[in-house]
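S.K.: Chains as they are written, first to last, in this note's numbering: chain A, 1 to 111; chain Y, 1 to 114.
Be careful, since some hints might not be right.
[To be verified] Once the Cα atoms are required to be at most 30 Å apart in a straight line, the calculated DSS-like pairs of lysine-lysine come out as: (1) A/26 with A/110; (2) A/26 with A/70; (3) A/26 with Y/57; (4) A/56 with A/70; (5) A/56 with A/69; (6) Y/15 with A/70.
[What the hints assert, rightly or not] Over 12 Å on every C-beta distance to chain A, these chain Y residues come out as not near it, computed from the model: (7) 17; (8) 20; (9) 27; (10) 74; (11) 76; (12) 95.
None of these hints come from the bench; they were simulated from the model. Idealized CB from N, CA, C, for every residue including glycine.
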Amino acid sequence: SQQGEEDPQALSIQEGENATMNCSYKTSINNLQWYRQNSGRGLVHLILIRSNEREKHSGRLRVTLDTSKKSSSLLITASRAADTASYFCATDHNQGGKLIFGQGTELSVKP
Amino acid sequence: GAGVSQSPSNKVTEKGKDVELRCDPISGHTALYWYRQSLGQGLEFLIYFQGNSAPDKSGLPSDRFSAERTGGSVSTLTIQRTQQEDSAVYLCASSMTSGSDEQFFGPGTRLTVL
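Same shape as in the complex, but just chain A (with noise of 0.2 Å):
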């Protein structure tokens, strides 16, 4: 199976404290997006990091990607209460944009 694997499956930090989600895949990728999903409904487009990029910023967002590890990191920071969600890698294998998603990661911002 092509599926990324997510770590960790949950996180349960202060406001005001940086968040750290780590994703993994398996085979060679035209791009990694990442996603967040409140309450298990739509999925939100966060930011979109191509093969060729090592590090992409949005607002308080940071995405690494390491093509020789296979693996990506997104950095959420300065958190805040409203961040509480789940955030979801995916990747795009040069398959007709079609997107294989990791298994997400909870995260808890507590006031």
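Got chain A sorted already, so can you dock chain Y onto it with the hints?
M.R.: Below, chain Y without anything else, positioned relative to chain A:
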């Protein structure tokens, strides 16, 4: 503009019945994807369309599942003779083209098979 919409938002059906799930992609998006999210399996790819063609149906779990897209826009996912293991949230996404683009997801249809 409007995002991806899906209907119904919830569907409860009896085992053995057929169901149709609908997806309206973002206008102008040529690629459309169906995924399924269930407790045991996480988020899994089902099928994608580029225009009205489905180059990859590899994720459809059985021949009870089918999908079509007409006019390069609306898509319907049909599940025949539903089984309890079909219970899941069915998510649709669209993107400008197939490959290397951000996918925009709809709110999903929660299907419960009794």
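S.K.: Does each hint fit the structure? Answer for all of them.
M.R.: Okay, the hints, checked on the actual structure:
1. Proposed proximity of residue 26 of chain A and residue 110 of chain A is contradicted: the alpha carbons are some 34 Å apart, above 30 Å.
2. Between residue 26 of chain A and residue 70 of chain A the CA atoms are separated by roughly 7 Å; this keeps the pair inside 30 Å, and the hint holds.
3. A distance of roughly 22 Å separates the Cα atoms of residue 26 of chain A and residue 57 of chain Y; the hinted pair therefore holds under the 30 Å criterion.
4. Between the alpha carbons of residue 56 of chain A and residue 70 of chain A the distance comes to roughly 16 Å, so the proposed pair stays at or under 30 Å and holds.
5. Distance restraint check for residue 56 of chain A and residue 69 of chain A: the Cα-Cα separation of roughly 17 Å lies within the 30 Å cut-off, and the hinted pair is therefore satisfied.
6. With a CA separation close to 42 Å, the supplied pair residue 15 of chain Y and residue 70 of chain A exceeds the 30 Å bound.
7. Look at residue 17 of chain Y: its CB is around 24 Å from the nearest CB on chain A, clear of 12 Å, so calling it non-interface holds up.
8. Even its closest Cβ contact with chain A, about 20 Å, leaves residue 20 of chain Y beyond 12 Å, as expected for a residue assigned away from the interface.
9. Separation of residue 27 of chain Y from chain A is adequate, the least Cβ-Cβ distance of about 18 Å exceeding the 12 Å criterion.
10. For residue 74 of chain Y, the shortest C-beta to C-beta distance to chain A comes to about 18 Å, beyond the 12 Å cut-off, and the non-interface label holds.
11. Chain A leaves residue 76 of chain Y outside its interface by the beta-carbon criterion, the shortest separation being 19 Å against a cut-off of 12 Å.
12. Taking the minimum C-beta to C-beta distance to chain A, about 6 Å, the non-interface status of residue 95 of chain Y is violated against the 12 Å cut.
Of the numbered hints listed earlier, those contradicted by the structure are 1, 6, 12.
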